[in-house]
Structure formats: structure tokens, C-alpha cells
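Kindly generate the complete structure, drawing on both the sequences and the hints.
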Amino acid sequence: MPLDWAYVAVFALVGAGMAALPLGIVWLLAPRSAYPQKRIPYESGIVPFGEAWSQFHVRYYLFGLAFLLFDIEVIYIYPWAVVLRELGWFAFVEMLIFLGVLGVGLAYAWKKGALEWV
Amino acid sequence: MNAEALAFYALAAMVLVGGVLVVQSRNLVHAAVSLVPTLLGVAGLYVLLHAEFVTAIQILIYVGAITVLILFVILLTEGATGLRVRQRNEQVPLALLVCGGLAVLLLGVLGRVPWGPPAGPMPPYNPGAVGRSLLMPYVLAFEVASLVILASLVGAIVIARREK
Amino acid sequence: MGLGGFLGAVWQVELVRMVVLAAVVFSFLAVGGPLFLVLAERKISAWIQARVGPKHVGPHGLLQTVADTLKLLYKENIVPHRADVVLFSVAPVLVAVAALLDFVVIPFAPGWVVRDLNVGILYFAAVSSLTVIGILTGGWASNNKYSLLGGLRSAAQMVSYELPLGFSLLVVATLTGTLSTVRIVEAQPYPAHFYPPVIVAALVFLTAATAEANRIPFDLPEAEAELVAGYFSEYTPMRFALFQLGEYGSLLASSALFTTLFLGGWKGPFALPGLGPVGNGLVWFLGKTYAVVFLLMWVRWTYPRFRIDQLLNISWKLLLPVSMVNLLVAGLLVVAVR
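In order, the protein sequences belong to chains V, A and X. Sequential numbering of the first sequence, starting at 641, is according to the numbering used here. Sequential numbering of the second sequence, starting at 395, is according to the numbering used here. Sequential numbering of the third sequence, starting at 15, is according to the numbering used here.
Quick caveat, the hints were computed from the structure, so don't treat them as lab data. Errors might be hidden in some of the hints.
To be verified - Result set (DSBU-like, lysine-lysine): computed pairs, CA atoms no more than 35 angstroms apart in a straight line:
hint, chain 1, residue 1, chain 2, residue 2
1, X, Lys-57, X, Lys-281
2, X, Lys-57, X, Lys-85
3, X, Lys-85, V, Lys-751
4, X, Lys-331, V, Lys-752
In C-alpha cells form, the structure reads like this:
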């Protein structure tokens, strides 16, 4: 079974290598005539003003956080899905409670406007 | 030296190098991205422990969600304006002393633990086995987990909204 | 070195096998993915829009993408002023590798799966989530406000749609009692294959997969008229090509997974003459997968795009509650029927 994951690791390494290969070829073959004007960040042709990294809103954070928490919930459901068939009603009710609690959380977030973009 | 040992050393190196980069980088975004090899290395170590369910979870949650969240936070705050974080200050000698002492303590304790392979065959650790144990002996912990997640969600929303 | 352990006694053989398999799958991905799909997209969009599309390079324009790719090798590699060079290069590679890793658990034909992981579909979900980091760092590393904004929006969108996608996978896992893709294919058609939970799960999957691939109607982060090309505005030749590899690759992977979970994988209603079981399986599998891709392309060229708030609302306020209820219904079905 670690062998399975060894395949994954090798795939990742070979993939990275094969993906980097064209980058290497470009580095060898492509013309180089960099001058400052070419390297200005693209803003539809005007000269960019202001720093690139201005502050953004908290809504990105809230979505990311909500995603994280629900992702953790989904983790718990994977083992349940696999054994539901053999454990029957007891397991079903357990999941009903589990999802119910989290449904309350989703409803709370919804009502409190945490899921709004504007 | 067999494949398992080689894999262990490679993964451990990945974790340690990544960890050092996280702590040492002056650029916060680099530090956050260095978490990725660290956490992937830990996932690999779980594979060596024959815990593949935890491996998949580690990648899904830690690399796929937590690192993303950290990156969001860094990009939302001043850290992304190219601010360089100073990594050295005047307390280096004192820190070295404390770390050295801690290292000695840890090595002493770890040296006394009777490490060795477990007696019998390893218990199965696949999703089915995890499910069975979550839903029967540990059912209370399972339900409490949902409450903990709910509490985190509510808490975060309350805090975030107060700043609007 | 006496390497042994989990690689087996003759470790060199296993290692070579791994590398060769990885190279083969990557090539399939590169060729059957963007190389073919970019052309397919252009031809299909042309057909839908009553025009012809590329037809000069090669017979019927089939070599168009090959020509484009070769051209990209010669283009100047521009790194924007004050961009983060390391991350700028790493991000596209990460996105491409994430797409490749998706294919480790996809069964192409009976016996033709790279590794049948015990945690198959969970692994797929985990690896797909790696793309988000590539996009975030790619957008930031360009030192361009609009790239960063595109990257953030794309990340927020992908992350929001990962949840309904996960729930669809869970419905299938509940009905079959396994996370292994091979066993899921073998279990089809499910006894409840045409019951509501599976239909709903399939529809949610397709919607979420379209959003994950940043395709219209969910392509606001790349909106051509608004953010130039979003997070990859600043990426010249090959880095751009690698992002495309990742995008089309994950589209292909999602279609392949859809085929595996809902359409019966490599199983076909009748056996084609002259091919063994493997050839048969391969033809059915690829046929179905590309049919799904065609469907998604058809959708792309038919609908306008959603606004960001509509897009997020659909995921959190519609797909997620529906998926949660759907999962409970599926569970009920399983328990009631045992």
C-alpha cells in the first residue's frame, strides 16, 4: 500500500520534470530583448499606478473559512459512507444529527450575511 | 537501507527544510507557500505508517484548505505589500540557550522510550475501519466534533462581522 | 544498495515501471488534453456559431494546436517587473502536476488503472484542491493588481464549489460502500442508478466541475472582457501553456471521473467486434469521457456568464443545502433497502 503512494510521488516528480522541460526549451530557444517598458504590468495599456498589493475585503477570508469548516465536516462523512450499509439505522441517525448541527451552522452564516459578496 | 528507510529520510528532509523555510523566510508569501512541502512531507510519513486515509485527509485539508486560508489572510493584510519581516533580533544568544536546553531535554526523554515495532500485525486502517470505530465506540466524539465545527463557524462570523 | 521493502525484490524494475507509466500518462494528458481539446473547443464553437474554425494547418486543421504549441516555444519569456520569479515559475508547474495526479485513480479499462487506491475518490478530491494554491500564487506572483484579483476570485470560486462536488462523490460512496474507483465501476449500474439521489448528484457534479474548471458560465475570474485573462494575464509562452494544460487537464479529469462514477466507466452495452476486453473498455471509456467534455463545451458556448455574487450564491445557498439533503436521502435509501 505504500507502493500505491510511491507511484503518486513518482508521478508528481516525473510530471514536474516533464512540465518544466518546455520551460527549459523556451529558455534556450527564445529571443531575449527585455527592456523596461516591456516588463510593466499590463493594465490595458495605461501606466499602472499604486501598489499591486492593496488590501482586500474580509469576504475572501469568510468564504475560505466557511469552506475549511465544511471541508472538515465532509471528512467525517467519508468513513460513514463506507460503513453505512453494514451499520444501518443507528449510523443513519448519527449522521442526521451531525449534518443537522452543521445545517444550523450554514443557516446561521446565511442569516448573518456571511455568505454575501457585497 | 531499504526503500522504506530511504523514503523516510527523504520525507523527513522535506518536512524539515520546508519548516525552516517557513520560519526563516522574510517574505510572508514565501513562508506560506513553504508550508506546502512541509505538509506534503507529513502526508508522506503517514503513508509509511500505513495510514492512507489520514494521508488523503492531510492533503485535502491541510494543503488544500488551510494553506489556502493562510494565503487569503496574508493577501488581505499588509504582509503582501512586500513588507520584509525582520528575522533576527538581539535575543539570539538567549534563544540559542533555551533551544539547546530543550533539545537536550527532548533527546534525553526520547532516548529512554522503548521504540520498537509493535508486537502483532498492524490493525487495518482503511475507511471502513475508521468508519466503524467512529460510529460505534467513538460516536460521542463524532457528534461533539460537529458541535466544535459549529462553534468555530459562529465564532469566526461574530468576530469578522464586528469589524464591518 | 539493497533497496527492498515495499518496492519489491527487484526495485529497479518497479521504479522503471513507475517512471514509464508516469511519462505515458503525462503524454496522454498533454495530447488528449489541451492539444486535442483546444482544437476541439475551437471547432465546436465554430460549429455552434455557424462558421468553420481552423482548417488550414494539417487535414481539417487537426495540426493547429501542434503548430501553436511549437510557436509558443519560440516566444520571448517575459517576467514582469518586480514579480516573484520563483513562484512565477512554480505556480504553472503546480497546476499542471495537480491535473496529472488526478489520473492516478481513473480506470481506463479493466485492469488499466495506474493504482487502485483504497481511498480513490477521496484522493481525487484531495489532489484537485492543490490547483487552488497554484492559482493563488500565480496570481500574486505577477505583480499585477488584476492578476491578483483574478487569482483571489478564482480561488474563492473553486473552493466554494469543492464542497458540492465532494457531496456528489459521497452519494456514490454511500450507495456502493467503497471509495475505490475500480470497485465503483464494477458496481454499476447501481440498483438505484436512476433514482433521484443519483440523478441529483450527477447534475450537481457537472455544475460543480464546470465551476472548478473556471469555464463559462463560471469563468468570471478569467473573464476575457474584464480582467484580460485573469490570473494568467502576465504569463508568456510556456508558462501560459502549462496553465492551459492544468485547466484542460482538470476538465478532462473531471469528465473522466464523471464517466467513472455515473456512466459506468469502461463498461459498454455491447462488445465491439475485433477488440479484446481491454480495447473494448478503452473505446467505451474514452468515448463517454469525450462525450461529457463535448457537453461541457456546448454549455460554454451557449450560456452567458454569472456575476461573482450569483456564482457564489449558487454554490452556498443552492447546491450545498441540496447536496446535504440529497446525501441524507441516499443514506435513507441504503438503510431502508438492506
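Go through the numbered hints given earlier and state which of them the structure violates, listing their numbers in rising order. Number 3 only.
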